[in-house]
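Student: Chains X and E supply the protein sequences, listed in that same order. Per this note's numbering, the first sequence starts with residue 1, numbered consecutively. Per this note's numbering, the second sequence starts with residue 1001, numbered consecutively.
Among these hints, one or two may not hold up.
[To be verified] Keeping only pairs whose Cα atoms sit at most 27 angstroms apart, straight-line, the calculated BS3-like set for lysine-lysine is:
1) X:Lys34 / X:Lys209
2) X:Lys120 / E:Lys1090
3) E:Lys1086 / X:Lys161
4) X:Lys188 / X:Lys172
5) X:Lys257 / E:Lys1014
6) E:Lys1060 / X:Lys172
7) E:Lys1062 / X:Lys257
8) E:Lys1010 / X:Lys257
[Claimed, not checked] Reference listing, derived: stretches of chain X covered by chain E, where coverage requires no fewer than 3 residues with Cβ under 8 angstroms from a Cβ of chain E:
9) 142 to 150
10) 182 to 193
11) 222 to 232
FYI, nobody ran anything at the bench for these hints, they're computed from the structure. Remember, it's a predicted structure, so these values are computed and weren't measured experimentally. Glycine residues also receive a C-beta, built at the ideal position from the N, C-alpha and C atoms.
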Amino acid sequence: MDARDIRSQIETVDTLPTIPSILRKLLAVIEKPKISINEIGSFIANDPVLTSRVLKVVNSPIYGFPGRISSLNQALILLGLNVVRGMLLGVSVFEAMQKTMVGLWEHSLGCAIASRIIAKKKGLKEPEEISIAGLLHDIGKVVMGLKFPDEYALAVGDAQKSEVFMIDAERKHFNITHADAGGWISLKWNFPQNLVEPIEYHHKPHLSKNVPLQTAIVHFADIMTRAAGFGFSGDNFVPAVHPSVWPVLGLSDAELKEIIQEFEESLGQAEDFLLSDE
Amino acid sequence: MKRVLIDRLKPGMKLAKPVVNDAGMILIGEGTLLTGTHINRLENMSISSVFVEGTSGPAKTKEELIAELDARFRKTEDEPYMSTLKRIMKEVIEGMNG
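Given these sequences and hints, build the entire structure.
Tutor: This is the structure in structure tokens:
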């Protein structure tokens, strides 16, 4: 298949009959360039399932205030519009994630947690925004799985059988990767720049022009999550850290150890969060 | 044994590890069947979760965790920085409780 052809097909993913209805409704709202916190708030509040999912996620270890946010308004004020927007996308692709790959949701959650912990350590002002980039970094896998379910399942099977990395199996089957697909769909859906680049370049962090630190964080968080063996991203192996990332992150061994310790502790709580009832 | 967030505790759950305060003093002993009163007390403390009996999958030993870590790194161990990452992950596993 030609890459341009695939791109135009992927960009129509929101017209698929299999796309969760909640996501379809949500896209109509978040694609609006100017949306207020009140509009988002009332959109969520009109849907009890969405409300409970949002509250569940904001109280999860992704954000580091477990159990302390009891109302939707509080969540919106604490986390801000961009974070809530991204998180809504995350929760609405949950089922699609599990359908593409069992364990992809856990992998994404792990990456969100790791991204927040590293961002905090680096003193970034909005660690929650970076955690959203972590949560959505593999959105390309979801849209490829939705749009080309049979072919994508073959690529997943290939990666398992012949022990190649998922990204190489994707190249073989599609000539493009989930990072390309993720970048296209995030542009199509008007994601902010600080989400687009980490999604598009999480395997090639040196190409990020506008938000190199954020992209480096998501790249490394992805690798940390695989190194910890949390969730399933399609690979049984940890891919190598891109050499450009180490100097950008500038972490000492001691800092890295603190990050990994906090990460392992949070993952223990995340497991509980994942096991709890809807 | 599994880790459970304080707000998900239910009376009747059995503590698999003692609850200790910052000074290391045992507040509620291992094996205690939690009551509503215990849970209320825990809610007012600065801890987020405790270990109770039950399964979230069988707990793995440190040796098993390290064997799995070795397996995951076997393709990229020799790449730059990967040995550092692996060494630190190993140190964290070795330093874990229980």
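Student: Determine for every hint whether it applies to the structure shown.
Tutor: Structure-based check of all given hints:
Our distance criterion of 27 angstroms between C-alpha atoms is met by Lys34 of chain X and Lys209 of chain X, whose separation comes to about 25 angstroms. Between Lys120 of chain X and Lys1090 of chain E the alpha-carbon distance is near 23 angstroms, which keeps this suggested pair within the 27 angstroms criterion. Under the criterion of a C-alpha separation no larger than 27 angstroms, the hint pairing Lys1086 of chain E with Lys161 of chain X is consistent with the structure, at around 25 angstroms. Restraint check: the Cα-Cα separation between Lys188 of chain X and Lys172 of chain X comes to about 25 angstroms, which is no more than 27 angstroms; the hinted pair holds.
A hinted pair counts as satisfied when its Cα atoms are at most 27 angstroms apart, and Lys257 of chain X with Lys1014 of chain E does not qualify at roughly 32 angstroms. Restraint check: the Cα-Cα separation between Lys1060 of chain E and Lys172 of chain X comes to about 36 angstroms, which exceeds 27 angstroms; the hinted pair is violated. Our distance criterion of 27 angstroms between C-alpha atoms is met by Lys1062 of chain E and Lys257 of chain X, whose separation comes to about 17 angstroms. Straight-line distance between C-alpha atoms of Lys1010 of chain E and Lys257 of chain X comes to about 34 angstroms, which puts the hinted pair past the 27 angstroms bound.
Counting residues of the stretch 142 to 150 of chain X whose beta carbon lies closer than 8 angstroms to any beta carbon of chain E gives 0, which falls short of the minimum of three for the stated coverage. Three residues within the 8 angstroms Cβ limit are the bar, and the stretch 182 to 193 of chain X against chain E gives 0, so the coverage statement is violated. With 6 residues having a beta carbon nearer than 8 angstroms to a beta carbon of chain E, the stretch 222 to 232 of chain X meets the requirement of three or more and the stated coverage holds.
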